[in-house]
Amino acid sequence: MQTRPIADGVWTDEQPPRLIGGRDRETGRIVFPMPAGGEAERYEAVPLAREGTIWSWTVQRFPPKAPPYAGPEAFEPFALAYVELPGEVIVESRLTGFDFDALACGLPVRLTTIPFVEAPDGATLVTYAFEPMP
Amino acid sequence: MSEAVYIVGAGVHPFGRTEGRSGQDQALVAIRVALADAGLDWSDIQFAYGGSHAAGNADAMVSRLGLTGMQFINVKNGCATGGSALFGVAATIRSGEFDLGLAVGFDKHPRGAFNDMPSDWGLPDWVGETGLMLTTQFFATKIQRYMFEHGISETTLGRVAEKAFENGTLADHAWRRMPVDLETILQSQMLSDPLTKYMFCSPAEGAAALILASETRARQIGGPMIKLDAAAMRTRPPGSFEVFAPSIDVVRGGTATELASRAAYEAAGIGPEDIDLAQVQDAEAGGEIMHMAENGFCKDGEQEQWLAEGRTRIDGRLPINTDGGCLACGEPIGASGLRQVYENVVQLRGAAGARQVPGDPRVGYTHVYGAPGVSAVTILSR
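Here the protein sequences line up with chains A and B, keeping their order. Using our numbering, read the first sequence as starting at 125 and increasing by one per residue. Using our numbering, read the second sequence as starting at 355 and increasing by one per residue.
The hints are simulated quantities; they were obtained by calculation from the structure and are not laboratory data. If you're wondering where the values come from, they're calculated on a predicted model, not measured in any experiment. Think of the CB as a built atom: it goes at the ideal place given N, C-alpha and C, for glycine as much as any other residue. Don't take each hint at face value.
Under the rule of at most 25 angstroms between Cα atoms (straight-line distance), these lysine to any residue pairs were calculated in the SDA-like manner [as the list claims (entries may be wrong)]: (1) 430/B <-> 451/B; (2) 189/A <-> 581/B; (3) 551/B <-> 533/B; (4) 189/A <-> 466/B; (5) 189/A <-> 465/B; (6) 653/B <-> 230/A; (7) 189/A <-> 716/B; (8) 189/A <-> 397/B; (9) 653/B <-> 606/B; (10) 551/B <-> 225/A; (11) 189/A <-> 468/B; (12) 430/B <-> 376/B; (13) 551/B <-> 237/A; (14) 581/B <-> 476/B; (15) 189/A <-> 551/B; (16) 551/B <-> 199/A; (17) 551/B <-> 226/A; (18) 189/A <-> 597/B; (19) 581/B <-> 397/B; (20) 189/A <-> 490/B; (21) 581/B <-> 472/B; (22) 189/A <-> 548/B; (23) 551/B <-> 471/B; (24) 189/A <-> 606/B; (25) 551/B <-> 141/A; (26) 189/A <-> 476/B; (27) 189/A <-> 547/B; (28) 189/A <-> 479/B; (29) 551/B <-> 174/A; (30) 430/B <-> 476/B; (31) 551/B <-> 228/A; (32) 189/A <-> 492/B; (33) 551/B <-> 186/A; (34) 551/B <-> 218/A; (35) 189/A <-> 543/B.
Simulated restraints, written as ranges between beta carbons of each label pair [stated by the list, open to error]: (36) 163/A <-> 509/B: 41 to 49 angstroms; (37) 131/A <-> 451/B: 50 to 58 angstroms; (38) 535/B <-> 162/A: 30 to 38 angstroms.
Based on the provided sequences and hints, a complete structural model is requested.
This is the structure:
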């Protein structure tokens, strides 16, 4: 079955993947995602650390409004977090593989990709998520 | 502030939902109440600043109020709309350009309003498509981190909401007029951990209007003299954490609230220890907790003890959100900031009836905060 990312340039093609951030050419400050359009000139694309810790988290317990939400029709609550990539940036991400009851700030996590939704052409759209460290 | 500015008239249209009455119609009611409160006619008003987030232009109301040719400037500044309008009126009076003006804020949001799209916020579509763009997530993750760092319990979040609904029962202009007990709040539907259904405010409707005057003019009018000691509005500094942020800086910074608060204390020449009552942004229960510290009323983490001891109740040492705040009044974005000022005017006059803060309060503080990192603070005294 065909799969493709929800958007290009959000994470690297390598396995396992890394998110792509933007480093401010003057200040060194890192943002995620890599800015597009006119703002992009200030930044250079940099692959971010694969591993980090949960800085904060919540569980999305009700279906987000659509649009903009474009997830599967049958809604399943999902956990999400701000993940601190040490010395780089704190990124927002879905979490995968966690019991909601076990979520806590400070837990170590690493990046992976997960199936998100089926596109109209039948392909599976994939998004990024952080999972527990083994 | 060089020239003293006074609030000589205050009015609200009840918050909540009023079927069949537009946002502008609600603002007209608030303006007429404020005029009557000051004993003035519309033709006395020399200028106005006003606005709404989603209920139309404020200046369009001149066709209903009277075509006096007066100056009317529209303000659209998100959650700081009311605060910015008030700043504009106060600064204009201090400049000597005019000596009697109106600040008005109103809104009318349908149930489930605020359908933000990624492109409006300069974000790629996938952020919204994958379900990472909800204000509720921002509120939840911000307080979740704060609770982790500063030892705040879920019970304390619940106590904030319990107090809000209790105060709301005493305020004529509040929307939620029924008390909700702590257990019900904590056990209600979890929307976005750690925040339950009763810990969030809802989009709503309402309007508030204030009439301001120079000292000379205020004395001529002859009502209670409520002085505007400070009105400050600020935007975010580096390293703040704001709504819809796909990333935040590892080096954590300050907040727009801290900047606005500092500016207001400086203008008023007083500190947080001098405040007798405060209205702070409580779009959800966590916000009130964090804003207590950001506005200097307590240190991070002390809220746990403050709430347990009831220090922010109407009969406590520092009553906060005495009309139930956004939790009990709902959130019409353009009106909330001026509702807070209205509430302090009524409290400082000693006219708040069943919800009157005891002990003859002399100094009142208001604070709003909103997207994308704006805050407005006022300090009133008598």
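Each hint, compared with the structure:
A threshold of 25 angstroms between alpha carbons decides the hint, and for residue 430/B with residue 451/B the separation of about 22 angstroms falls inside it, so the pair holds. A hinted pair counts as satisfied when its Cα atoms are at most 25 angstroms apart, and residue 189/A with residue 581/B does not qualify at roughly 44 angstroms. In summary, the hint linking residue 551/B to residue 533/B is supported, as the alpha carbons are separated by about 15 angstroms, within the 25 angstroms threshold. At roughly 9 angstroms between alpha-carbon atoms, residue 189/A and residue 466/B fall within 25 angstroms of each other, so this suggested pair holds.
Proximity of residue 189/A to residue 465/B is assessed by CA-CA distance (about 13 angstroms); at most 25 angstroms being required, the pair is judged to hold. With a C-alpha separation of about 23 angstroms, the suggested pairing of residue 653/B with residue 230/A holds against the 25 angstroms cut-off. Distance hint between residue 189/A and residue 716/B is unfulfilled; the C-alpha atoms sit about 45 angstroms from each other, more than 25 angstroms. The hinted pair formed by residue 189/A and residue 397/B fails the criterion: a straight-line CA distance of about 46 angstroms is larger than 25 angstroms.
With a C-alpha separation of about 17 angstroms, the suggested pairing of residue 653/B with residue 606/B holds against the 25 angstroms cut-off. Under the criterion of a C-alpha separation no larger than 25 angstroms, the hint pairing residue 551/B with residue 225/A is consistent with the structure, at around 19 angstroms. A threshold of 25 angstroms between alpha carbons decides the hint, and for residue 189/A with residue 468/B the separation of about 10 angstroms falls inside it, so the pair holds. Restraint check for residue 430/B and residue 376/B: the C-alpha separation of about 18 angstroms stays at or below 25 angstroms, so the hint holds.
With a C-alpha separation of about 32 angstroms, the suggested pairing of residue 551/B with residue 237/A is violated against the 25 angstroms cut-off. The hinted pair formed by residue 581/B and residue 476/B fails the criterion: a straight-line CA distance of about 41 angstroms is larger than 25 angstroms. For the hint pairing residue 189/A with residue 551/B, the CA-to-CA distance comes to about 17 angstroms; that is within 25 angstroms, so the pair holds. Distance restraint check for residue 551/B and residue 199/A: the Cα-Cα separation of roughly 19 angstroms lies within the 25 angstroms cut-off, and the hinted pair is therefore satisfied.
For the suggested pair residue 551/B and residue 226/A, the alpha carbons sit about 22 angstroms apart, so the restraint of at most 25 angstroms is met. With a C-alpha separation of about 16 angstroms, the suggested pair residue 189/A and residue 597/B falls inside the 25 angstroms cut-off, and the hint holds. Proposed proximity of residue 581/B and residue 397/B is supported: the alpha carbons are some 23 angstroms apart, at most 25 angstroms. Taken as a hint, the residue 189/A and residue 490/B pair is honoured in the structure, with Cα atoms around 12 angstroms apart against an allowance of 25 angstroms.
Distance hint between residue 581/B and residue 472/B is unfulfilled; the C-alpha atoms sit about 42 angstroms from each other, more than 25 angstroms. Our distance criterion of 25 angstroms between C-alpha atoms is met by residue 189/A and residue 548/B, whose separation comes to about 20 angstroms. With a C-alpha separation of about 24 angstroms, the suggested pair residue 551/B and residue 471/B falls inside the 25 angstroms cut-off, and the hint holds. The straight-line distance between the Cα atoms of residue 189/A and residue 606/B is roughly 30 angstroms, outside the 25 angstroms bound, and the hint therefore fails.
Taken as a hint, the residue 551/B and residue 141/A pair is broken in the structure, with Cα atoms around 37 angstroms apart against an allowance of 25 angstroms. Restraint check for residue 189/A and residue 476/B: the C-alpha separation of about 19 angstroms stays at or below 25 angstroms, so the hint holds. Taking the CA atoms of residue 189/A and residue 547/B, the gap is about 18 angstroms. The hint holds against a cut of 25 angstroms. Under the criterion of a C-alpha separation no larger than 25 angstroms, the hint pairing residue 189/A with residue 479/B is consistent with the structure, at around 14 angstroms.
Among the hinted pairs, residue 551/B with residue 174/A is inconsistent with the structure: their alpha-carbon atoms are about 35 angstroms apart, more than 25 angstroms. With a C-alpha separation of about 19 angstroms, the suggested pairing of residue 430/B with residue 476/B holds against the 25 angstroms cut-off. Between residue 551/B and residue 228/A the alpha-carbon distance is near 21 angstroms, which keeps this suggested pair within the 25 angstroms criterion. Between residue 189/A and residue 492/B the CA atoms are separated by roughly 15 angstroms; this keeps the pair inside 25 angstroms, and the hint holds.
Taking the CA atoms of residue 551/B and residue 186/A, the gap is near 11 angstroms; set against the 25 angstroms cutoff, the hint holds. Annotation: proposed proximity of residue 551/B to residue 218/A holds, straight-line Cα distance about 22 angstroms (limit 25 angstroms). Taken as a hint, the residue 189/A and residue 543/B pair is honoured in the structure, with Cα atoms around 18 angstroms apart against an allowance of 25 angstroms. Taking 41 to 49 angstroms as the suggested C-beta distance range, the pair residue 163/A and residue 509/B conforms, at roughly 43 angstroms.
Checked against the given bound of 50 to 58 angstroms, the beta carbons of residue 131/A and residue 451/B, roughly 51 angstroms apart, stay inside it. Separated by about 53 angstroms at the C-beta atoms, residue 535/B and residue 162/A break the suggested range of 30 to 38 angstroms.
In summary, the structure is inconsistent with hints 2, 7, 8, 13, 14, 21, 24, 25, 29, 38 from the numbered list given earlier, while agreeing with the others.
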